[in-house]
Every structure is written in structure tokens, then in C-alpha cells.
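Q: Chain A is fixed; fit chain B onto it per the hints.
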Amino acid sequence: MRIVPLIISATVTTALIVVLNMQLPVGTGKTPRLGYFLSPQQGFWQNAEPVDVSFDKNISIAGIKSNADVYFDDRLVPHIYAENDTDAYFIQGYLHAKFRLWQMEFQTNVAAGRLSEIIGEGGLKIDQYFRRLGMVYGAEQSLKALEANPETKAATDAYTNGVNAYIKSLKENELPFEFKLLDYKPELWSNLKTALFLKFMSFDLTGQGDDDLWMTNTRNYLGYETFKKLFPERADSLDPIIPKGTTFDKPSIVVKTPANADSVYFHKNDQGITATPPIIPDKNNGSNNWAVSGAKTKSGKPILCSDPHLGLNLPSLWYEMQITTPTHNTYGASFPGAPAIIIGFTDSIAWGVTNAGRDVKDFYEIKFRDTTMQEYWFNNEWKKSEFRNEVIKIKGKQEDVENIAMTVFGPVMYDHSYKSRNEDGKYYAVRWTAHDSSNELRTFYKLNHAKNYNDYVNAISTFQCPGQNFVFASVSGDIAIRQQGKFVAKWKHQGDFVQPGTDSMYMWKGFIPANENPHMENPLRSFVSSANQMAVDSTYPYYLGRSGNFPVYRGYIINRKLASMDNITPEDMERMQTDNYNVLAEFTRPFLLKYLDETKLNSEEKKYLELLKTWNLRNDILEKGATVFKVFWDSVYKQTYGDEFGKSKLPLYWPEQSTLVEALLKDSLYAFADDINTADKKETWKDVVLVAFQKASKTLQNASNENKLEWGIFKDTYVNHLLKIPALSRLHLPIGGGRDEINATTDNHGPSWRMIVHLTDKVQAFAVYPGGQSGNPGSKFYDTFIDSWVNGKYYSVLFLKKQVAENNSRIKWHCTFVKA
Amino acid sequence: MKFITAIILTALLSFSIGLFPVLPWWSFAITSIIIAIAIHQKPWKAFLAAFIAVFVLWAIIVFVIDNANQHLLSVKVATILPLGGSSFALILLTAFIGGLVAGLSALTGSYIRKH
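So the sequence lines, in the order shown, correspond to chains A and B. Going by the working numbering, the first residue of the first sequence is number 680, and it counts up by one from there. Going by the working numbering, the first residue of the second sequence is number 509, and it counts up by one from there.
Just chain A, with the same shape it has in the complex (with noise of 0.2 Å):
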């Protein structure tokens, strides 16, 4: 009888079938469907893009209303000629999914807290948090805006519609690589997705997070009289945006502090907060952006510099591209998942933006009547609460739901059903800026179409969410900067913690005009800059936010720098943007030194001395001396405040870096000097120095052995792919800088964008971005950029007229659109 062996035969093969075409739990992740992964024909391989692929192509396609022209130039950039805007942004958003379509997916499904259904339950804290903080509602709302202004609907339909045409050529086998390793499949584009792709920026923008629950916590914890001390209202070496000195306008809002304030806010001190948000927006983001007017460079043009500073990863946030149209000539970065230029300039004028980090974001505690949410007290009644159903669906798992209360104030984020360590049983509301009806895009819109200084002006007076600085300059000689947003018109202090939210007296009475703004239009002093620093000294008769939102050091240095430069070029610039001088080591050295008792140090510690003392000052990747400063001070801020704080059992805010150096600048006998923990003694600066040092030196050591005193090697710098995995991403980069240098690249944060414009009469431009023009990591194209961006070389980017781009050296391939 053969039967036997046929049914095992058969087994064996259906088996073996069905395990190849499995994902394998492995960890805490999934395999690949390994026989589909592995296909020659339909699997990864096919992603394996040939070095010497062309990208010259045909392409026959209905949705267009005339063909249409994309060059490629060496660097993959395309320059797009098209004979009308709404051609122009089809083919861009064609582009955009073509090279960037894993990202945008991706992306836009993590704002729209839909994770989980691509990675399972791992992604459900989040997805539970994005959508308690109102992301999907908040989007909602910006699409009605977006879709209210023909300008921004046209075109971000015509975006849309240009990303399905693509979507629906691709073939199976075309799948990028990411849908195969995960094994999912790209869902159609829609407006939505842009607006949710714009809502996670104004997320990563505004804030630390949740950072009121935080910053309740320290209150609660030191006593409002303590924590005065230690979160000052600005740090001294602040140099605003806006000179100090100037004059502004009587505000036209008033808000008055309540009158009840002191007591149910200030010096409210209850049963602290433990919910903590399981994703916070990088601290570190922020950017430069400056802007020198013709009396100050050699060709007596402007030149403006940006240089946005984000997390990095791969693929990256920015593609690069031209967009060419009767109506505008535009070169820039764009967002894959979003029309238009963001950053980047015309053939009249040039824009670049600097995050504003004004605090648009509040908490209040909601007194509900029982759990089940149904009413709230508010202004001495009941009030009916109303209920938004969000659904997570899990891969591989029953969905969830969460079912979240909605006040006055907004969406009931925190709440006894929401397991964010959120054990104190209280309910959180957030108030934030990006829950209102928004239309970010017609600022780019505009700015892509703008020809001088009122067009730009026009264009930025709506932007809302999240605040920028937008710096500008022009072909004909303007320069200008200007903080825009729609920032709520605060009493002092507002919002620095959570709010009683009780009480209508506590609800945002206002927003500031656009025209009172802090802006500043061709200063005598020749040139406007921004580094995320206070925009404005204690005369702005409005409140900013708590100073822990605004770092210091590179806005100083930065004009510091412009102030003392002339004729300038754009090589000047581009040493300029990616310098490494570290102020606040020159600022602190002399004060850590003259503390430090020398003769206390054993032989080891007198090493790392020499190093210190020795060290230009400067955060280059070789300089053995950056280590010794970075340990040493972080060493010296944890000896000063680890006794105040590192006891709480809640988690807490520190006291910004720049109260330290002040302290240490100003004050020798800094209370906080003192260690709490020793009640027989009263330590001083001396102390703090000397054990931070040898504590500092116990680090230095190991690094050494380790052979990674070098700063970029301790440094350590890398490109992660956005799901993290080593392999796609680019490890151990070799680049200088640090959190406070104008080259402000930290470990997985830095420049994400280089351009520098110089507006002569026929504009010339130079960028380098950390990543390269292709998504796909198995394109030469994929991280083409990197060494560049590591090495401060920048890109000269073409910037061409149809006619010439036909028979420019540089431009390799040419792709026509045609109409089907």
C-alpha cells in the first residue's frame, strides 16, 4: 500500500507550507512569513534594487489634466515641472509613495493610534494615548479647515489622489520592504492621513509631553516657596529673539490671575500624580534658524540659514524636491505625507522655522460624580459629560475601546480605566491648541507661492499649531523674523500645573493676535535668529510658559557669533551651522576649576584634569576633553540636586542646566550646594565639585578602558530606522556637537535638515540631510546623505528653469507623466 506514504508525504508538505507561510512568534516580535519573505519573485529580494536601476520611465496615468516633466538629478532629487499646482502636487504625492510609502503609512497609523494593528498588543500604550489625547479628534477638526480653503483642498486632493494612483499601480512583488517584514499592506491615502501626519508634528512640538502632571508633582513635592528658587522665571544669560530692550505694544487682552489662585493653585498641595505618558516628545527638539541681512555678507545679498533639529531616523522625515509650476518655483524639503515645500524657498524668497515651544497644552483635574463618568461639577452644577468611543484594533487580539469622556476642556485624557500609572484615582483633562480647527498647510502653501515680504507675512498669519519662529529673507533684501502660532493669552503661570477644573475662571480667556506676536523686520543690527530661546524679555506684556520649555546656550552663541561676523559667505554659514564651540563649558570651566580642590585628586583623577583644563572648548569628536566636561557637569548637576529629588517616589522635573551654571556663576553659597543627607555637616560648592569629580572620574574610567573618551565615540551617534532595528539603521557615526552647540546632535537628535539660501539674484542654495531620497533600505539611494551630513559637507542643490534642465550635466534620469 503506497496510501501510508502519500499522507505523510502530504503532511509533511502542507505542514511544512503552512510554517513558511506563519509569522513565528520569536521574543517579544514576530518572523517574517518566511517562505513569502524569502520568494525570489515576491519577496524581499525584489526589493533588492539594482545599483545602476534607471528612472526613467513613461508613465500613462489618468487624474492629471496636462503631461507633465520630473528630472532626477544625481542626488535623486526630482525637480518637477508640471503646468498647473494641482498637476504639480498629484506627481508630488505620486513621488512621495513611490520612495517614502512605508514611512507615510506608518507614520500617519502611529498619530492615528492605529499601531497596534500592524505590530500587536505592543502597540497598544501608545495607541491608547494617542488616542486619549485627542489626536484622531484634533485631526478631524484640521481636516474641516483644510477642506474649507479651496486652495489647501485642491491641492491636498490632487496630494491624495497622487498617492492612490500610485498605491494602485503597485504590484505585489513592489511592496516596500517594511509591509513584507511585517507582513501588512498599505491601506488607500486620504486627506485625514495628511492632516494626522501634520497633528504628530504639532504632538512632537508643543512641550514636554504631559509636563504639568510633572511639574504638579515637583511642586507638590518641594512646596511652591522651594521650587521658586529652583525653576527661576528666566535665566539670566538669556538673549531673546526679540533684543531685550525693545519696546512693545499695550497688550490688547488682559487676562487677571483668579482671585482664588494662591490657594487652589499655587499652593495647592495634595496626594501627588503618578500618570505618566509612555511616549514623550524629545526634550532636545527644537532648531536653528537665522538670517543675515546684505550689510553683513560679502556678495551684499541676504543669506538665511535652518536648520530644524528633530530625532533621526531612517527613512528620514524630509524628501527633498523641486516643484515648478506657472504660478511658483519652489525647492525645499517636504514632509512624505503632506503637499508642498515645508522648508525652503522660492526664486524671490527664502523661509526657514525654528520651534516657538510656548506651552498650548493644559491639564485640569475634573471632579466627576461616580465613575461612570456621566457628570462633572463644574461652576457650581452638575454638568453632562459627553463620550467619544475610540476603537484599537490588535492584530491577533480582540480590539479595545476606549471610551473616553469629553468636558469642557477637552477630551478626559487620564481616568481610573487608563492604566498609564495612573493609580491616584483622579480624572485629567487636556486642553490643547491642536484640538482646534486648523489649516497648518496654507501657511506652506502660501510661503511656496510667496514673492516678498508682505506675501510672507500673509502666509504665517494663520499658522497655529505648533507655534514656530519663521525667519525670512528675500532677493530683495529683507530680512525678518517672526513667532507665530496661536498662543493662548495666559496669566502668569498659568498652566505650569494642573488646573482646578472646577472653575470656568480657570479656562483660556483668549488668544494673542497675530500682530502682537514677537516679530522684527530688517533690525539695524543686520541680522534675526532663533534657537528655541525665550522669544522675548519680561516687558512682553503676555506669558510664554514655563522657562524650562526654552533652552538658553544656542541662541546665545548663535548671536553672539552673527554680531561679530561681516562679509559674509555661505561657507561661512555652513561652518557656522555645524560648529562645535560649547559655551556652556566656557561659561562653567572657570567656576568647576577655581571649586575644584586640586591636591584631593589621586593620580587617576589628575588625568582627566589635565584633559579638562586643556581642552579647546570645543565638541569636535576627537576632543577627549568634551567627555571629561559632558561627565563632569552632568556629574556635578546630579551631586547638587540628587538629594532634593531623588528620594520622590513620583516622578519629577529637574531644574533646568542654566539654574545650575547661574548658581554656580553667581551664587557661592548656593543653598542647594548643601546635602541634605548629612545633618552634621553644610557642604559648599567645594564639596559638590570635588565629589562630582571623582564620581565623574569613576565614569571616565571605564570609558577609557573601554577606549571611548573620544567624544564622538562616547557621543555615539546614530541613524535609527523608525522600527528600530540595527540592521536599517546607521550605527556610530563619527560627528561632533552636542545639545548645546549650534551643531546640536546628541546621540539620536540633531540636525535633521541643513539648507543654507543665499538670495542672490538668481538664488543659490545648499543642504545635506541625514538620510538619503529612497525609503527602500535596499537602495544605494537609502542613505546616500549620511556621510556627508556627519562630515559638515554640504549638498549645492540645482535649482533650474525647465529649458536648462533638460541638458544640465547633473540631471540623470527623466521621468514623463503623461495623461491617460
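Please keep in mind that the hints were generated in silico from the structure rather than gathered at the bench. One or more hints might be untrue.
Far from chain B, some chain A residues (derived; all Cβ distances over 10 Å) [as the list claims (entries may be wrong)]:
1. 756
2. 867
3. 883
4. 927
5. 992
6. 1061
7. 1191
8. 1193
9. 1326
10. 1346
11. 1362
Calculated cross-link-like contacts (lysine to any residue; reagent style SDA-like; alpha-carbon spacing at most 25 Å) [claimed, not checked]:
12. A:736 x A:1459
13. A:1403 x B:579
14. A:1459 x B:568
15. A:1459 x B:596
16. A:847 x B:531
17. B:553 x A:685
18. A:1171 x A:1190
19. A:709 x B:592
20. B:622 x A:686
21. B:550 x A:696
22. A:1285 x A:1381
Chain B side only, calculated, beta carbon under 8 Å to chain A, not exhaustive [unchecked claim]:
23. 574
24. 576
25. 616
These figures come from a predicted structure and were not determined experimentally. All C-beta atoms in this analysis are idealised placements derived from N, C-alpha and C, irrespective of residue type, glycine included.
A: Okay, now just chain B, sitting in the frame of chain A:
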């Protein structure tokens, strides 16, 4: 002769059906069974012919792809899987899986014919 014919036909059909990416990746198992039924051989020979056919076919395809790609992606995938970043090991694994599925399918086909 049958052996060689089986190898050539199995490889040819596997390749052809792979040109239709809407079909599942394992469609070549079906074609391998069909060949094993059509060209009757001893079970072990049927297995071996199909194994060799798809092993060699897949090895050649991915070798060509990998060379044109200068190993950019195979090194990354061979690090994820993990195969120590060896493109060669990844090519072998790919070819082996293809060969094994085809071989077992052909074995089944051979038994069907006998039955």
C-alpha cells in the same frame, strides 16, 4: 532522461508561475506536484529532481539580484534573520527552502501517481 526533463520542466513552471505575483508564493508547490505526476519517477528521484530544480532556480535568481544590488539588502536581511550578515548564507537558505518545498511536493506527486 526523465530525471533531467523533470528538473527542467519543474524549474520552468516554477519560474513562470512566479511571474504572477497575485498568486501565493507557494504556487510552485502545485506545479511541482503536477510535473511529478506527469513524469513518473521513483519517489526519491522525483524529490531530488524537484529539489535540484527549484534550489538551482532560486539560487540563480537571487544570486543575480544580489549581485546587481551589490549585497546592500542581503547583508541587512542576513543580519535581521540572523545569519551573521552573510549574503551567501541567505542565498543558500532561500534556495534550500525553495528546494525543500518543491522536493516534498514532487514526492507527494510521485506517490499520488503510484497510488
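Q: Sort out whether residue 568 (chain B) lies within 25 Å of residue 1459 (chain A), counting only the CA atoms.
A: Within the cut-off at roughly 22 Å; holds.
Q: Determine whether the non-interface label on residue 756 (chain A) survives the test: each CB of chain B must be over 10 Å from its CB.
A: Residue 756 (chain A) is indeed farther than 10 Å from all Cβ atoms of chain B, at 20 Å.
Q: Sort out whether residue 579 (chain B) lies within 25 Å of residue 1403 (chain A), counting only the CA atoms.
A: Holds, because 21 Å separates the two Cα atoms, which is no more than 25 Å.
Q: Decide, holds or violated, for the assertion that all CB atoms of chain B are farther than 10 Å from the CB of residue 1362 (chain A).
A: holds, 50 Å
Q: Does residue 992 (chain A) really sit off the interface, with its C-beta more than 10 Å from all C-beta atoms of chain B?
A: holds, 16 Å
Q: Would the stated hint for residue 616 (chain B) survive a check requiring a Cβ distance to chain A of less than 8 Å?
A: holds, 4 Å
Q: Take the shortest C-beta to C-beta distance between residue 574 (chain B) and chain A; is it under 8 Å?
A: holds, 6 Å
Q: Regarding the pair residue 1459 (chain A) and residue 596 (chain B), is the alpha-carbon distance no greater than 25 Å?
A: holds, 20 Å
Q: Keeping to a limit of 25 Å between CA atoms, is the pair of residue 1285 (chain A) and residue 1381 (chain A) held or broken?
A: holds, 16 Å
Q: Would you check whether the claim that residue 1191 (chain A) is not at the interface survives, using Cβ distances to chain B and the 10 Å cut-off?
A: Given a closest Cβ separation of 49 Å, the condition holds.
Q: Quick one: work out the minimum CB distance from residue 1346 (chain A) to chain B and report holds if it exceeds 10 Å, violated otherwise.
A: Residue 1346 (chain A) is indeed farther than 10 Å from all Cβ atoms of chain B, at 53 Å.
Q: Does residue 1193 (chain A) clear chain B by more than 10 Å, comparing its Cβ with all Cβ atoms of that chain?
A: About 48 Å separates residue 1193 (chain A) from the closest Cβ of chain B, which puts it past 10 Å; holds.
Consistency note: the structure conflicts with none of the earlier hints.
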